[in-house]
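S.K.: Here is what each chain is made of, one letter per residue.
2 protein chains.
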Amino acid sequence: MSKLIECIPNFSEGRDQTIINALVDTATSIKGVTLLDHSSDESHNRSVFTLVGTPEGIEEAAFELCKKASELIDMRKHTGEHPRMGATDVIPFVPVKNATAKDCVEISINVAKRISESLGIPTFLYEDSATRPERKNLAKVRKGQFEGMPEKLLEEDWAPDFGERKIHETAGVTAVGGRMPLVAFNVNLNTSDINIANKIAKKIRGSSGGYTYIKGIGVMLEDRNIAQVSMNLVNYEKNAMYVAFETIKFEAKRYGVEILGSEVIGLTPMKALIDCAEYYLQIEDFDYAKQVLENHIL
Amino acid sequence: MSKLIECIPNFSEGRDQTIINALVDTATSIKGVTLLDHSSDESHNRSVFTLVGTPEGIEEAAFELCKKASELIDMRKHTGEHPRMGATDVIPFVPVKNATAKDCVEISINVAKRISESLGIPTFLYEDSATRPERKNLAKVRKGQFEGMPEKLLEEDWAPDFGERKIHETAGVTAVGGRMPLVAFNVNLNTSDINIANKIAKKIRGSSGGYTYIKGIGVMLEDRNIAQVSMNLVNYEKNAMYVAFETIKFEAKRYGVEILGSEVIGLTPMKALIDCAEYYLQIEDFDYAKQVLENHIL
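Heads up: the protein sequence lines correspond to chains U and D, in order.
The opening residue of the first sequence carries number -4 in our numbering; numbering runs sequentially from there.
The opening residue of the second sequence carries number -4 in our numbering; numbering runs sequentially from there.
In short, the hints are calculated from the structure, not lab data.
Just so you know, nobody snuck in bad clues.
Intra- or inter-copy, both count: the list cannot distinguish identical chains.
Calculated pairs, EDC-like style, for lysine to aspartate or glutamate (alpha carbon to alpha carbon, straight line, at most 20 Å):
| id | residue 1 | residue 2 |
| --- | --- | --- |
| 1 | Lys233 | Asp98 |
| 2 | Lys63 | Glu51 |
| 3 | Lys285 | Asp32 |
| 4 | Lys63 | Glu112 |
Since the structure is predicted, the reported quantities are computational estimates derived from the model, not experimental observations.
Extracted from the complex, chain U is given alone in its bound form (with noise of 0.2 Å):
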């Protein structure tokens, strides 16, 4: 069984189309790897791109990316709302098919090793790749963004875990890292008080005391007039979709309030789904890799 692995590789242009579009080929010039979609958001000044391929095929998508952005854009010119350090920021692995979250420690240890020696980027690791715990967290990694970094890397605890305590002049800095997929799901209230979404969401949040692989903030749905707890389930199998639901459910019992309804937003791995169906259902001894027919076509 074949493994497949998704990078999800975020670039510091989300306007100029010539750069996007050279991206783009690089992007599907690389054998064994599949661009599935690619997004630019102009006030943020980003582009996002989801590939997925073999370990050797994302490994060098990863790399030829970067090394086109680095002759492409240059970071002292670039001005957007959202955070950067890099002109490819950040670089995401995630096991997606036959592959575990090691794979993805691995090809990332790799990635980040050859953009420092071969492009002279200095490369932090983060997420599961994280060397040490203060890593683990993109926002704390990047905090300073590109204009801060030079003085940053200087700082005992943040020399890169690849390369020179020096920024690439025009690249800066790049984060590499292997995470778990991703699940974005929020939940809707019958209430129009946002207070109360935002109560739920603290019970419910790592941060403040409630499941450790969720995040979550209430979040007021203006045109609906309702209030939402938006949540990123960042390990969807060591918290489940179902628990995030249920918990809310009797949370926001206390306040004499009832769900609405949900959303899951972008793309969701099928067993993340399942997983929940395989709950309500009542499964018992249900066999995911050998039950569910797309896992043999795959």
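Once you've looked at the hints, dock chain D against the given chain U.
M.R.: Coordinates of chain D only, in the frame set by chain U:
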């Protein structure tokens, strides 16, 4: 997006390993087709193959397998518990990916025609491909079995869809048809009273006035001393798994009985399970084709 079709031919040989191997060799020699699984039952004296492939590949594989079976299997000498009427007894085609029920009906017609013209085996179209209502049900088509077929083909209503009113001397008659993937779904009750399972099965199955696309009977699980509603969902898009589950739950209540758990037998298409996650998590506007990651990499 390329179409993927599943084909599950049933052969009237489950004992002679030389013949079974020859069929496996044929199945694995066809371009554009993968043999996912094959299993043989000695008491049934029958083998079931599961193949998946492109429309062209699967058509070719079905024909070549039927041809090989007609060369190697002599129905005049066949004994076994399972009803059967031909060396290749039945060839169902099932849509798996980017394909519709209509695609499978078309393929089944092509194959049925080719089998009768090239091999001299009369063929019946059944299930979604049936040319008359009484030919939908395979059991009705096969009634009389191999031994009774010479006479049956001469009856007014039973001229084959393709070929003459005369069986192939050694290979008999073959049924070919398109159908939806089948979900074998059993729900266990916390009672040892099989009458309750039977009564619930009667409420739920189409043949007794329940859901059109659900077949069901009560079964006793002797080792656990519990009764079970054993079902085949023959169209999970029309009658979903959660519909069966929730209906059994409220019917069981009448007897003070509850659901203990459930089981899924064999392969299930991921959509049958994901539809349930969508229901229970109350996901609004879920776009199955776009939002399930695996749909982009199949």
